[in-house]
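Protein chains: 2
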Amino acid sequence: MTYSIKEVADMMNVEPSTLRYYDSMGLLPGVKRVNGRRVFEDKDFKWLRVLNYMKKINMPIDKIRSYVELAEKGDSTLQERFDMILEQKEIVLGQIDELKKCLKEFEYKEWYYTEAIKAGTEKVVENVTSCSPTLEVDTIPKN
Amino acid sequence: MTYSIKEVADMMNVEPSTLRYYDSMGLLPGVKRVNGRRVFEDKDFKWLRVLNYMKKINMPIDKIRSYVELAEKGDSTLQERFDMILEQKEIVLGQIDELKKCLKEFEYKEWYYTEAIKAGTEKVVENVTSCSPTLEVDTIPKN
DNA sequence: ATACAAGTTAAAGTTAACTTTAAGTCAAGG
DNA sequence: CCTTGACTTAAAGTTAACTTTAACTTGTAT
Chain S
16 MTYSIKEVAD
26 MMNVEPSTLR
36 YYDSMGLLPG
46 VKRVNGRRVF
56 EDKDFKWLRV
66 LNYMKKINMP
76 IDKIRSYVEL
86 AEKGDSTLQE
96 RFDMILEQKE
106 IVLGQIDELK
116 KCLKEFEYKE
126 WYYTEAIKAG
136 TEKVVENVTS
146 CSPTLEVDTI
156 PKN
Chain Z
16 MTYSIKEVAD
26 MMNVEPSTLR
36 YYDSMGLLPG
46 VKRVNGRRVF
56 EDKDFKWLRV
66 LNYMKKINMP
76 IDKIRSYVEL
86 AEKGDSTLQE
96 RFDMILEQKE
106 IVLGQIDELK
116 KCLKEFEYKE
126 WYYTEAIKAG
136 TEKVVENVTS
146 CSPTLEVDTI
156 PKN
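Here the protein sequences come in this chain order: S and Z. Numbers in our numbering are just positions in the first sequence, counted from 1, shifted up by 15. Numbers in our numbering are just positions in the second sequence, counted from 1, shifted up by 15.
Because the hints were derived from the structure by calculation, they are not lab data. Each hint should be verified, as a subset may be incorrect.
Which copy is meant is left open, because identical chains are indistinguishable; a pair holds if it fits in one copy or across any two.
Only pairs whose alpha carbons sit at most 27 Å apart, straight line, appear in this in silico DSSO-like list of lysine-lysine [said to hold, decoys possible]: (1) K104 with K124; (2) K124 with K70; (3) K61 with K133; (4) K58 with K78; (5) K61 with K124; (6) K78 with K119; (7) K104 with K88.
The task is simple: from the sequences and hints, build the whole structure.
Here it is, written out as structure tokens:
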């Protein structure tokens, strides 16, 4: 089974131009051409899938490319790739942790506004939310 | 207690220029000035904290600003703010869910490379990872 | 045969979120 | 008095990740 760039783009929910861009960045190795046109095969979805979850964790394209390049080199890079995967796994764990903390803040705000709406004014809950600068402010991530 | 822009920047782990930028975007309402210089007070950390977790969930600055603007209008916007918070809470839940799926992929890859390294070659596990295009590829998020 | 839809490239344009630069103000120390 | 360091603004520059454009080719339908 083969697929046109449009078909793959639709499956992946991106624009064809995005796939061309990924290809030009070296993220889609080994995609066949027929008359200059990209023809996607089942094996290409292996990479598309990898691309998919690597992008979801906000891995920069340059880093994804280096992983792809390692994979292209074959068995001699197994350890390096393993190390990269482990590192990214830790990053995902950290991201999940951060988001869970944020979730708590939103749940708190949900309660806060529920109470405020009940009372018709924020004054009723404002005192509860006063924060000490040092204790409650954790770091804003650089990006 | 008051703080200079540099002190706050250090606490928040951002550049002073970033705080000026946030201020210029309307994200830091009510910061005092003395001789034209920003002087942060404890009450300002309430907003910095909100800014902090809103940025962590990748809420765009424009959307944060509209929340800040609603808050500035007072009690008449309580319901609107509640709705925004609820919406964002759902978004965070979705993000956590996505990341958990990604985590599984990385854990799988961890196992994959562990086996491959043991065997000295990927061939041993390659067949396990063949994917059907439709079943295993879920959508790449637009951004 | 011819028009049209879908593909191609290279290069320029876009957007968000900062960051840097240039030119200036101000308070404190020597 | 003068220098230094930390602040100020407005405006220009940066970066990543696309997206659009322009000019062109190709396969399919009428």
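A quick look at each hint next to the structure:
1. K104 with K124: For K104 and K124, only the inter-copy Cα distance (10 Å) is at most 27 Å; the intra-copy one is 30 Å.
2. K124 with K70: between (30 Å within a copy, 16 Å between copies)
3. K61 with K133: between (53 Å within a copy, 22 Å between copies)
4. K58 with K78: This pair counts as within: shortest intra-copy Cα distance 22 Å, inter-copy 41 Å.
5. K61 with K124: between (42 Å within a copy, 12 Å between copies)
6. K78 with K119: between (31 Å within a copy, 20 Å between copies)
7. K104 with K88: within (22 Å within a copy, 43 Å between copies)
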